[in-house]
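J.: Just so you know, the sequences run in chain order A and B. Under the working numbering, read the first sequence as residues 1381 to 2129, first letter to last. Under the working numbering, read the second sequence as residues 32 to 264, first letter to last.
Because the hints were derived from the structure by calculation, they are not lab data. Treat the numbers as computed from the prediction; the structure is a model and nothing was measured. Positions of the beta carbon are idealized from the N, C-alpha and C atoms, including for glycine. Hints are not guaranteed to be accurate.
[What the hints assert, rightly or not] Per the computed footprint, the stretches of chain B lying under chain A, defined by three or more beta-carbons under 8 Å from a beta-carbon of chain A, are:
1. 123 to 133
2. 155 to 165
3. 181 to 190
4. 202 to 214
5. 234 to 242
[What the hints assert, rightly or not] Computed, partial: chain A to chain B, Cβ under 10 Å:
6. N1390
7. E1428
8. P1430
9. N1435
10. Y1461
11. K1614
12. Y1615
13. L2023
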Amino acid sequence: MVAEIKLDPNRVIEDKVVTTTCSYCGVGCNLELHVKDDFIFKVTSPFESPVNKGNLCVKGRFGYDYIYHPKRVTTPLVRRYLLEGKPKPEGREQVFAISMDGKPIPNSQISNDWDWVATDWDTALDITVDNLVRIYQRDGSDAMAVYCCAKATNEDNYLLQKMWRALFRTNNVDHCTRLCHAGSVVALQKAVGSSAMSNTASQVIMNDVFIVTGSNTGENHPIIALQMKEAVQKYGAKMIVVDPRRIDLVDFAELWLPLKPGTNVPVFSAMGHVIVKEELVNWDFVKNRTQGFDEFLESLEKFTPEYAEEISGVPAEDIRKAARMYATAKNGAIYWGMGISQLSHGTASALALIHLAFLTGHIGRDGTGLNPLRGQNNVQGASDMGAMPFHYPGYMRVDNEDNARQWEAAWNIEAGGLSRKLGLTTTEILGHAHEGGVRALYIMGENPMMSEPNLNETRKHMTHLEFLVAQDLFINESGAFADVFLPAASFAEKDGTFTNTDRRVQRVRTALAPRGLARPDWKILCDLATRLEVRIGRGFTSKWDYEAPEEILSEMASVNKDYAGVTYERIEKVGLQYPVPDMDHPGTPTLFKEDFPSGRGKFHALDYVPVMEEADDEYPFILTTGRLLEHWHGGTMTRHSSLNEAYPEARVEMHPADAEMHGITNNMPVRVTSRRGEIVLRCTVTEKTTVGVVFIPWHFHEAAANLLTNDALDPEAKIPEFKACAVQVFPAMENELPNPDVEVRRGRY
Amino acid sequence: MTVTFQMDGKEITVEDGMTLLEAAREQGIDIPTICFHEATKANGLCRICVVEVEGWRLLQPACIVKAAAEMKVQTRSEKVVRARRTILEMLASTMDLSDAPEILTMMDEYGAGADRFPDAERRESEVKDDNPMYIRDYSKCLLCWRCVQVCAEDAQYTYAINFEGRGYETQIGTFFDKSIPETTCVLCGQCVGVCPTGALKPKRQFLLESGMKPEEISVLNTGRKRRKEKTNR
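Next up, chain A with everything else stripped away, as it sits in the complex (with noise of 0.2 Å):
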């Protein structure tokens, strides 16, 4: 007899494995969620799936406790004015009014008109419909506008933009793409006809010289920057990062361009002039696939290296190295962030991108493209899905008669009844937020308080509106501002699909039910788009009634072509990456290759324009705004996650130089200031960031970021320019932090 060793008793086994797909970053990845009684006590990954193979990063694998957050609301709120009937009470500033443990308290310091109170899904619905049909029925389709959530699934998101340009016949539809990558969208509609990643993340090992540029890929895309790392270090690329960080990918490159924020057209445009000099065009492609060239090699003329050296702090010798290494590339491809579009030139420095891959060919073939890390893991969809105020879904004008005559058909209203006149954008909603402009607000998933530039500005706006609805899991910034707030279903207590960066449809699969009387978004959308319907009364029916979320895919994949061939049964297992034209059609990992869907690319003539706030004496740095490896945006879930212990505190990044110029050290609290507002948090004196370039990430209420950037906006993409604006660094007390007893201690920082 052998002596055996029995199993701990105390292992936890699971009830249940449910695959899906993350819902932080845009690469999709796919994860296994660990269930026992309706808790997620592990997170892995499948080895053989194809976006991350079984890797995954810190948010992905352990950044779901928000779920559980005692803090999160899961019961419908009101605020008590609207319950007991009596007229809206003056004043509205931010009121949270809520206690730690999720329930309503009344507050001594604000009315008792604006206590939240608790209380059922028909009340609360009821209260909503009677408020948005009463200010649509004094003051007509323009008062309303909604953010849809490039967060909550393709089917959410459809809903939603359905329900406003159906119901409310107005197009005020739009997104956080517009804070994100609208300059990049933008450039590539105008150059090529086509607004995504134009191949595969997992290509970047086919690429022999690949350019990073404008994208933390480290901290913001993990998984892809994996690849990166592993197309250096495996397949012998090399890796050419243009970025006024020292981010931890310059580790791995050939070649750092430390660029000055905001003059990237400068530097990729003398990348192109070199190229032109150097005799290093792919003639071929010029003379076959784009147009235009002519007048663009004349805007190209002035942009030396020399020129874009004085402009941009890189050398000269540098910039022709770059140019040479990617010209002369076999595969070469572009990847970039936000540091390229959020810009009041946006559209302009992904134009000078783009021409890049026009003048070498480098676009078309697998392991090339231009390739736009999407941020948000719905980004890429919300924007398919028409989530925007110039679309429908599937990128078809809301201007263009023949595309609403189609859209008027596929949803049951009247020839004529869908507006044809362009909405506003997230921005322009807010600044359109008085009386004769925007007076109703639903925000599904977004929070603008902390993610719009200006922020005591935008804190202004927010005042203004006359009626604002939450959908979300927290009552976070903006939803303190809300009258009604609907607890929506996390990512893991809903079915749908999510559409990744490099354009993969891919399942979200419900693994446990939702938290006290929190719903899926899609049912809230569809349970308050019938109530609104019956009470306007226009006599025709759209369909609300869905069963289940793969019935509102295929009404929308009905119209919407890229998605003709997307089913949940063919995604069951792996995503399918569209355009998918039909059900056989195996779907896309390359676009491009015969042609682009505005038939030839163009070029467009270029010129510098600077940053619109540049350093002076009185604000002599540059402040350029990102994100953690540890954090999410607004925070609204990061904050409220086990993530936050991992990274507890804003701090500012300042160069060694600055900071002994200045006296300030590691760890002493700063404050930063700007024309438009202050911050107090602490330093990291480190070499990662550029002389006269400090960082600060736009996770931290109590030190937000965007209380200091600039509403600056590019002209074309309505972006903001959250990527430069001037400030000053001064010493502050340490009681002057928001936080003072808490303090980040990691070795990688």
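Use these hints to put chain B onto chain A, whose structure you have.
T.: Same frame as chain A, but now just chain B:
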């Protein structure tokens, strides 16, 4: 290019460059593995996958040795079975296998006894709970090296952990024995994902197994006070 060789008396043809383990799996022949993982480079550390090759003096790790023409391989000869049993018995004598059901099943299959080496010194160490995401219980570590590999070139390129100590004292650790947050660790948990014995475990799973209720675990990260205690430690 293909090679033809014999495995368990059967003539088989596989692609050139295939390991014996891959060839066996293609044939449906079961060779047990512990340290081997498809996503990491094979190292032949645990030796549980050894096979006997006719004419070769020593048993060969199937996860590394490539199939070659004319080879005659026995995957379950008496010598092989005895070696595997001994390996399992040595593992059982030095480490805590109570969280490794696959290995316990293997012990059953090979008739390995937990008390074969009663005098062996067990490797024991305290549970390391130094970060919000995962715990490290090296009493359960069999030194398969997968965690080190995925932290380095097999996935993450972060290089936060490595072997420390020599010989019997060898353990997985951080440089200068720093706590995880103070290293280059990005808390991705790739290491947790490949640990075969429960030595690395998500913090929440660990808390659940130590008897906490989900509701209790969910309030852990909500109070600033607790956070302060942690950061000051």
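J.: Could you work out which earlier hints the structure fails to respect and list their numbers in ascending sequence?
T.: 8, 10, 12
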